[in-house]
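Produce the entire structure from the sequences given, and follow the hints as far as they go.
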Amino acid sequence: MASTSSSTMSSHPVVFTTQTPYALPSQKFMIPLDWKRYQLSQLINKALDLPKPIPFDFLVHGEILRTSLLEWRAENGIGEEDTLEIEYFESVMPPQRMSELPHEDWVSSVSCQIPQHFVTASYDGHLRLFDYSRNPLLDISVHQAPITSVCVLPSPLAETDSRILASSSHDLTACLTRISLGSEGPSASTVASLHLHTSPLSSISTDASGSHLLTSSWDGLIGVWDTSIPNDHQVHLDRGDDRKKRRKTAPENIKRKTPIAVLKSHTARVSKALFAAGEHAKGKAYSCGFDSTVRSWDVESGVCINTINVPERPMLNLAETPDGNILLGASTDRTVSIFDLRVSSLSSSTGIMMHSATPSCIATSESGKQQVVTGAYDGVARLWDLRSTKGAVTSFRVWDGMKVLAVDWVRDVVGIGGEGGMEVWRIDGGS
Amino acid sequence: MAVTGLGKVRNKRKQEEVEEVEKGPFVGAVDLEMQSEDEAEDEDQEGDDASDDGDVDEFPEIDAASDSEEESEEEEEEDTDDLNEEDTLDENSDADSDLHIFPKSKKVVSDITGQTKVVYPEIEPDYDSDSSTEDDPNRVGNIPMHWYDDLPHLGYNINGKRVLRPAKGDELDKFLQTVEDPNSWTTAFDKNAQMDKPLSAEELDIIRRLQAGENPDAEYDPYEPTIEWFTGKGKEEVMPLSSAPEPKRRWLPSKWEKQKIMKIVRAIRQGRIVGSKPTAADKKQQFYAIWNEPPSNQPPPLPAPKPKLPTNSESYNPPEEYLPTEEERKQWENTDPEDREGDYLPHKYPALRLVPAYDQFIKQRFNRQLDLYLAPRIQRVKLNVDPNSLLPKLPTPNSLRPFPNYKSLQFMHTKARVRCLSISPDGAWVASGDESGVISLWEVNVGREVKRWSLSSKVGAIEWCPRLDACFFVAGTEERLHFFIPPNISPAMLTMTQSTLAPPTLPPATQSSIKWISTSGATEDGPILTIELPSASGLSRQLTWHRKGDYLASVSSSETQGSVWMHQISRRHSQAPFKKIKGAVQMVLFHPTKPHFFVATQRYVRLYNLAEQKLLKTLMPGIKWISSMDVHPSGDHIIVGGYDRKLCWFDLELSEKPYKVLRYHSRAIRSLHFHPTYPLFASSSDDGSIQIFHARVYSDLMTDPLIVPLKILRGHDVQEGLGVLQIKWVNKQPWLVSAGADGSVSLWCS
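Chains as they are written, first to last, in the working numbering: chain A, 1 to 431; chain B, 1 to 750.
Please note that a few of the clues may not be correct.
[Unchecked claim] Calculated lysine to aspartate or glutamate pairs in the EDC-like style (CA-CA distance at most 16 Å, straight line):
| # | chain 1 | residue 1 | chain 2 | residue 2 |
| --- | --- | --- | --- | --- |
| 1 | A | K46 | A | E90 |
| 2 | B | K732 | A | E312 |
| 3 | A | K36 | A | E71 |
| 4 | B | K407 | B | D717 |
| 5 | B | K732 | A | D219 |
| 6 | B | K451 | A | D124 |
| 7 | A | K282 | A | E300 |
| 8 | B | K168 | B | D190 |
| 9 | B | K624 | B | D644 |
| 10 | B | K732 | A | D291 |
| 11 | A | K284 | A | E300 |
| 12 | B | K451 | A | D105 |
| 13 | B | K594 | B | E612 |
| 14 | B | K348 | B | E314 |
| 15 | B | K174 | B | D196 |
Since the hints were made in silico from the structure, they are not lab data.
Written as C-alpha cells, this is what we have:
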C-alpha cells in the first residue's frame, strides 16, 4: 500500500517510537505526505500484524496529528529532509455511557475513590453512596445546607470497610462522616465538624495519605486540618438564641474541630485548595480563587510560596495531574489554564484550553498522564489531551442544557455529577 | 442690367471730375499723377503718343477676357475701375495732344549716335515742382473772403507773411485789359488770390461741352462700340439652367405623403393618436406687462476678468529655461488633469509651421457642450472614503477587557416574569423577585437556588443592604417593604443583622403614618421586618440604599404625592422627604459621596441637597419619559435612560444638558447600571438585548469621559413587549446579572 501511494505522492522520512508494548523495529519509513492518522494506524497494525486492530494516535513534536502530514509540515515549517520522530499510542475510544444515578437535587460533587462505589454530594445536604450496580447503599443527611464538595480520605489500611468522607457545605462547616461497608450492611455516622469559616465553603480535599484536609471558603481563607477525631469539642457554641436550632442540627456526638493552620493570602473567594501530588511535593498545596490567582503554599509554615497571577480569570476549580507536573485551572472566561509546574518561577499560564461554556470541574486521569476530563455548564464533558490543547479529543454530551458540576475519573470510570444527578461514563484506552 | 449700371457709375465719375477741374489749382497735380501711372503701366510705349489711342481700344478686351470667369458683382467693380483708368488716360492723351500743358519734348539729333531722340526740358526738382506741395500762396483756407474785404492783405502765406491784395484797377482798367489781352475772356476770378486767373485748357473744354449740351466728360463716348461679352466663338456662357420641361412631381401631390397622412388620419379617427390636451397656459395666454416690475437696483454683473496675456512659456518656441525637464514631464503626465499646475507643457518647435494641430481641440469642444448641458466640466470621481475612517477612533473592545461577553448560566423563574434582582455586596448571592411573589436566593456562580420566599403580592424591587457587617435585603411589594436575612451567614453577622432589624429594645416610636413591624422571633422563612407603607401607595417600584446602609429610599408607583419615602433603619422611622413633587417620580438615587439626592420625574432629573434641603440642579435630558437612571461611582456623572430609547450621559460639572445622547436600543430602555469598580456600564431594553459600554471617567477635568460600546448581549426573549427588566453588576467581578420578562435570570461572564 505504501509503495503505491508513494509513487504518486512525495513522502517524508519518519521514525516511529512508542511506549506501548506494540513497538516497531526502529527504522526509517518513507511516509506519503497525504497520510493521516488512519493510514498511519493501519500501517502500524499491518506492520505488527496484530490479531485485533488497535487504533493508534500519533504525536509529532508533542502534538497530536490531526491533519495530513503535508498540512502539518506546512503549519510547522519542517523541512522536507528532516526525519520526523512520531510517537504513537493507543487511541482513546469514544466514551460510553454506563449508567445513570438520578438524584432529586443537584449533585455538587462526586467521588469514585472508594472501589466499586460512588459517593455523591448533593445540594439537599445529603451524601449518598452507590455501588456499581446503581444500588443506593447510604443516604446520609450530613448538612442542613447544600454540600459543595466531598472527598474520600484514603484509609491507611486498604482493605478496611470503614472510610471517612469529608464534606464541605454552605453552612460554614465541613463534616467528617465515617461510613462502614461491612458485611452487616452499610452504616454511617457524622463524627466531626470543622469550624473555621465565616462564609460558605467551596471545597474540601485531602492529601494522599489521608491525614490532612484542606478547606477553602468564600471568605478567602484556607483551613488546614488533621483528620483525627478529637475526644472533646474544640469550639464552644455559647449562643443562647441559637441553641434550639443547634441542638436539632448538631448533636453532641459530632465533635467540633478547629484547624491546625489557616492559610491567609487570597483577596477574594477561594474556590479550590488541594495538596500537591507527587513524592517531591510533600507538604505543598495549591489554591485558586476569584482574585484570578493560583497560589502555592507551604502547608507546614502556612506561607504562600508563589502566586501566579492570571489577569481577569477568576478561577472556579483546580486540578493537578497525578505526577505533579501540571496544574489545571478552570476559570469563568471559558478557559482552562495550564500551568506547567516544571517551569521555574512560573508567573503565568503556559497554555489554555478553550471551552464553549464555563468549565466548572476538572478531573485528571489517574493512570494516563496526559488526559483530562473537564465538565462545563453546557452539559458537555470534554476529554483533552494535554499534548494538544487546540481542541478536545472528544466531547460527550451528558445532559442537554443542564450544568455539569463535578467530575471524577478513576481508572476507566468517569463519574459526572451535575444538575441532572450523576452519570457514569466509561473511557477506554488512553494508556 | 450690368451695362446700364456701368453707365450710371461712369456718369457719376465724370461729374466728380468736372468739379475737380473747376477747382483749377489741382489740375497740374492730377496730370502728374496720370503721367506717372501711364508710365508705369506702359513702359514699352514711351514717347509714342499715337499708340495711346490704340491702347485704349484694346484695354477692355483684355480685361474682359481676364475677368470673364469671375463673379458678376466683382466684375462690375473691376469694370468701373478699369474704365476709370481708361478715362483718365483718354483725358491725358487729349491734353497732351491739344493743349501741351506739359513741357513739350524736342526731337534732337544726337551728337553721339547721329539718331534723333526726344529731349524733354529739365524738370527742376525744387519745392514748387512737386505738385502735392505746390499750393496757393494764400493759406487762409476756405473761408468767406469778405472777412478780408477791409484789410490791405488777403491772408497769409505759408511763412505767415501777409499776402497783399493785388492792385485792382477800376472798370476802365478792366475794360482796357479785356481789349489788350486776347486771353482775357478765358479768365475767371480767383477768390483766394482776389484776381483774375486764366482758365486751363481742360476747364475751357468742359465749359465748351456744357455750352454745347454735351457730356462734360471728355472721354465719354456716347457711341461706344458694343462689346460682345457672351457672343461669338468661345464666349458662349454655359448656363446651369436647362430648358427641360418641369416634371410632374413639382405640382402633383405625393402619393406616399398622402398614404402617410391617411395613416395618421385613420389613427386619429380610431383614437390611437390623441392630441395633446391644451394646457392651461395654452388656453389662457398669459399676457403681462414686462415693464411693470421695477427695475432692479442691483449693480450690473461684473465684467468678465480679462484673460491673462500669454507668457513666454506659451510660445511655440519658448526659451530653453521654460522647457520642462524629463522628470518634470513625467511627473506632469503622471498627475491627474485636475491636480496639474498648468494645463499645458511648454514645447519647442523650430518653426511655426511645424506646430501641430491643437490636441485639446475636441476635448474643449466637448467641454463646451457640457457647459451647454449645464453639466460640470470636471468629472468628479465619487469620493471613495472608507466609512470606517469617518468613525471616531475608539479603542478596540479587546483592549478594554474584561467585560461580560457570554451567558454563563441561567436561572429560571417558572411562574412569572422577573421584575427585579439584587446582588449581595460580596457578589456571591443573587436575590430575584418575580411577579408571582416569589423571591429566590441563588448562588451567582452555580445558579442553584438555596432559599425561596413566597409573598402574597408581586415583588417590584429588591435591594441588598450595602453594609458589610450585616447581611439582609429588602423586597418591595404592594404597600409593604419586607426585610429578609439570607441563610448560612456567620453567627456574628447574623447577630448583627438581627439586632439591626429587630433590636430587643425598640427605639421610641415616632410620629409617622408608617408602621414598622418586627418579627424577630419568627422563623427564617418569613421577613424579619416589614414596613407598611400608606395604603393605596401601590407597588414599590424602586428601592435604593444610602451607601452607609442606614437610609433606604423607596419609590411607589402611585401617582400621589407620597410616593417617595425615606426610611431610617436605626431609628425605625420613615418620612416623606418631599411635600410636593411636580410629576410622577420615576426613580430616586443617593449620591455616592455627598448628601445629595437625585429624583427623576417623568421629564427631569432634580438634584437636591438633603443637608441643606434645597434644589441644586435640574437636569433636562430631553427624554419624554425617564425609565431609569444611575449615578457613576465617582458621583460626577449620571446616566438617564428613557422609554423613548434614549440614553443621556450627564456630567454634573457641566451643563444641565446631556454631555452625550445615545440611541442604540430599538425599544425602550428598562434598566441602567454602572459597575461599582470596573469602568463599565450596561443598559437593558425591551428589545431583549443588553448593551455593555466601557465608560472611563477621568479625574482630569479637561478630558471628556470615554464611552465605548463593547458588546450586545442577546439571550432574553421578549414577552408581551417586555425584554430585560433589570440588570445588575456583580460587585468586584465584571459579571452582569439580568432579569428578563421571560422569567429567566442570566449571569453574563467575561
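With a cut-off of 16 Å on the C-alpha distance, tell me whether B:K407 and B:D717 pass.
holds, 14 Å
Pairwise hint evaluation, A:D124 against B:K451, where the allowed Cα distance is 16 Å at most
holds, 11 Å
Sort out whether A:E300 lies within 16 Å of A:K284, counting only the CA atoms.
holds, 8 Å
Run the distance test for B:K624 versus B:D644: straight-line Cα separation, threshold 16 Å.
Answer holds: B:K624 to B:D644 is near 7 Å, not above 16 Å.
B:K168 and B:D190 were given as a pair; does the straight-line alpha-carbon distance stay at or below 16 Å?
Holds, at about 13 Å.
Need the status of pair B:K732, A:E312: alpha-carbon distance at most 16 Å?
holds, 11 Å
Take a quick look at whether A:K282 and A:E300 sit within 16 Å of each other, Cα to Cα.
Status holds; Cα separation ~10 Å.
Taking only the CA atoms, is the gap from B:K732 to A:D219 under or equal to 16 Å?
holds, 14 Å
Holds or violated: are the alpha carbons of B:K174 and B:D196 at most 16 Å from each other?
holds, 10 Å
Quick one, are B:K451 and A:D105 close enough, alpha carbons at most 16 Å?
Judged against 16 Å, a Cα distance of about 14 Å means the pair holds.
Would you check the hint for B:K732 and A:D291, treating anything up to 16 Å between C-alpha atoms as holding?
holds, 9 Å
Is the Cα-Cα distance between A:K36 and A:E71 16 Å or less?
holds, 10 Å
No hint from the list above goes unmet by this structure.
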